[in-house]
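2 protein chains.
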Amino acid sequence: MSDHLSTTKERILEAAGDIFGREGFKAATIRRIAESARVNVAAINYHFRDKEGLYAAVLEHVFHTGFSKFPSTMGIDADTHPEQQLRAFIKGMFYRLLSNDGWAGLSGGGRLITRELLDPSPAFETVLDTYIRPHKDLLVSIIIAIMQKNPGPEKLHPCAISIIGQCIYYAVAAPVIKKIAEDDAPIESNLDRLAEFVWLFSLGGIERIRRDSPAGDDNAQP
Amino acid sequence: MSDHLSTTKERILEAAGDIFGREGFKAATIRRIAESARVNVAAINYHFRDKEGLYAAVLEHVFHTGFSKFPSTMGIDADTHPEQQLRAFIKGMFYRLLSNDGWAGLSGGGRLITRELLDPSPAFETVLDTYIRPHKDLLVSIIIAIMQKNPGPEKLHPCAISIIGQCIYYAVAAPVIKKIAEDDAPIESNLDRLAEFVWLFSLGGIERIRRDSPAGDDNAQP
DNA sequence: GCCTGATTCAAACATTTGTTTTATTCTTAT
DNA sequence: ATAAGAATAAAACAAATGTTTGAATCAGGC
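If you read the sequences in order, they're chains A and B. Our numbering puts the first residue of the first sequence at 35, with every later residue one more than the last. Our numbering puts the first residue of the second sequence at 35, with every later residue one more than the last.
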């Protein structure tokens, strides 16, 4: 890793994103990061204060660039057909998490994010408010639009979790999926097909939940 | 952790399961495990050779007890209506992963397993053959029975992944779910409701995939 | 040209941590 | 009762790792 050009600080950030993602916070060593960034160990403390400071900076950097390259809406207008909005949303998740242009390319296969889900660091609180909550809210509003009614949060939230869960599971379990269902491993060339599958599956799921829900109202937001 | 009675070896296994699950292999320290098990540090090396040996033993122990208490089939006959088989399968996943009688109670909230998905250890290879592959094969056969046709692995595997993914995501993202959708956190009192939801959602998903698939044959196994 | 502050570097420090050693205690078969 | 082996305990060891230090180097303004 660690690109040829760019400043020291940037090289550290990129190398650290990759290594933290691959090995986790504790297992990653600043010596390995420094080596990968072709930088003296002390430079890390100089620029980022300590290991935790570096980690916090990496996290912010990774989320910022990920959601910049692949925004939640994926550039789709809010007046597009809601099912197509969902398609874009899901494709966005796959590319953000698993594309080489996304987190797969700069955080050890998108695993930095998965690790945060499992063990949120102190620095994650900010990320949650800035990126994740709005992202979830958008999804919920898309689901309401598809259902053409608001079945209440006790249906909407599990729906959102089921959809997001399918996407993130590909990132979490990539190593295992490679072993037991090799043709469906979440590698670049499969992303479109897998996203399409999850989209269809989720449309079916949403429809089924809709059918089983009481009338409900038509309010736009939950 | 670490129960009052039982032998030294067992106390170590239980304490280690909890701490490895909570902190991960690298971050967990022999000394903390020994303290939690009320045992001398050297006892761990004596009984399990080294840290890796302990980890391998923990992994086998955790999977064995998990699938013993909550088998893949959950005691449901193979001639039960396939949709009910799926219901049992999903409920089994939720309880195995997230119940206090299951992995939540003996591997730091079921996180030991999730960590293995993310970074499979050498010891995971065995677990994969013994527990995970058969588990997946059962799910695939249930899906075929529900669809009443075999749409081929390129539909079956993603279907299985979508279903398993929804369940496991609750375990992976439990801390985050607690923060952004508190009422749907995967705690004991919610497991039945969440399993029921995932079941319905998945039935919808399967039906949708079935509709969009070409005729296919009726072979029993993929 | 030189001075000041920012940056980089090699080396050293202090702590943590997995493992080993050695002695002691406990268990059990004879 | 006793010898032999299993189990436990305290201490020491060696390697690794995050951080600091103090000197060297570089960049830009006067």
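Calculated from the structure, these hints are not laboratory results. Misleading hints may appear alongside valid ones.
Identical chains blur together in the list; that is why a pair holds if it fits in one copy or across any two.
[Unchecked claim] Calculated pairs, SDA-like style, for lysine to any residue (alpha carbon to alpha carbon, straight line, at most 20 Å): (1) K213 - P154; (2) K43 - R65; (3) K213 - P187; (4) K212 - D171; (5) K85 - T164; (6) K212 - D113; (7) K213 - L151.
Against the structure, the hints:
Only between protomers do K213 and P154 lie at most 20 Å apart by alpha-carbon distance; the minimum there is 11 Å, versus 28 Å within a single protomer. In this assembly of identical chains, the alpha carbons of K43 and R65 lie at most 20 Å apart only when taken from the same copy (15 Å versus 36 Å across copies). In the homo-oligomer, the alpha carbons of K213 and P187 lie at most 20 Å apart only across protomers (14 Å), although the nearest pairing inside one protomer, at 37 Å, exceeds that limit. In this assembly of identical chains, the alpha carbons of K212 and D171 lie at most 20 Å apart only when taken from different copies (16 Å versus 32 Å within one copy).
Taking CA atoms no more than 20 Å apart as the test, K85 paired with T164 passes in neither setting, with 23 Å inside one copy and 39 Å between copies. Taking CA atoms no more than 20 Å apart as the test, K212 paired with D113 passes in neither setting, with 38 Å inside one copy and 32 Å between copies. In the homo-oligomer, the alpha carbons of K213 and L151 lie at most 20 Å apart only across protomers (11 Å), although the nearest pairing inside one protomer, at 23 Å, exceeds that limit.
Checked against the numbered hints given earlier, the structure breaks hints 5, 6 and satisfies all the rest.
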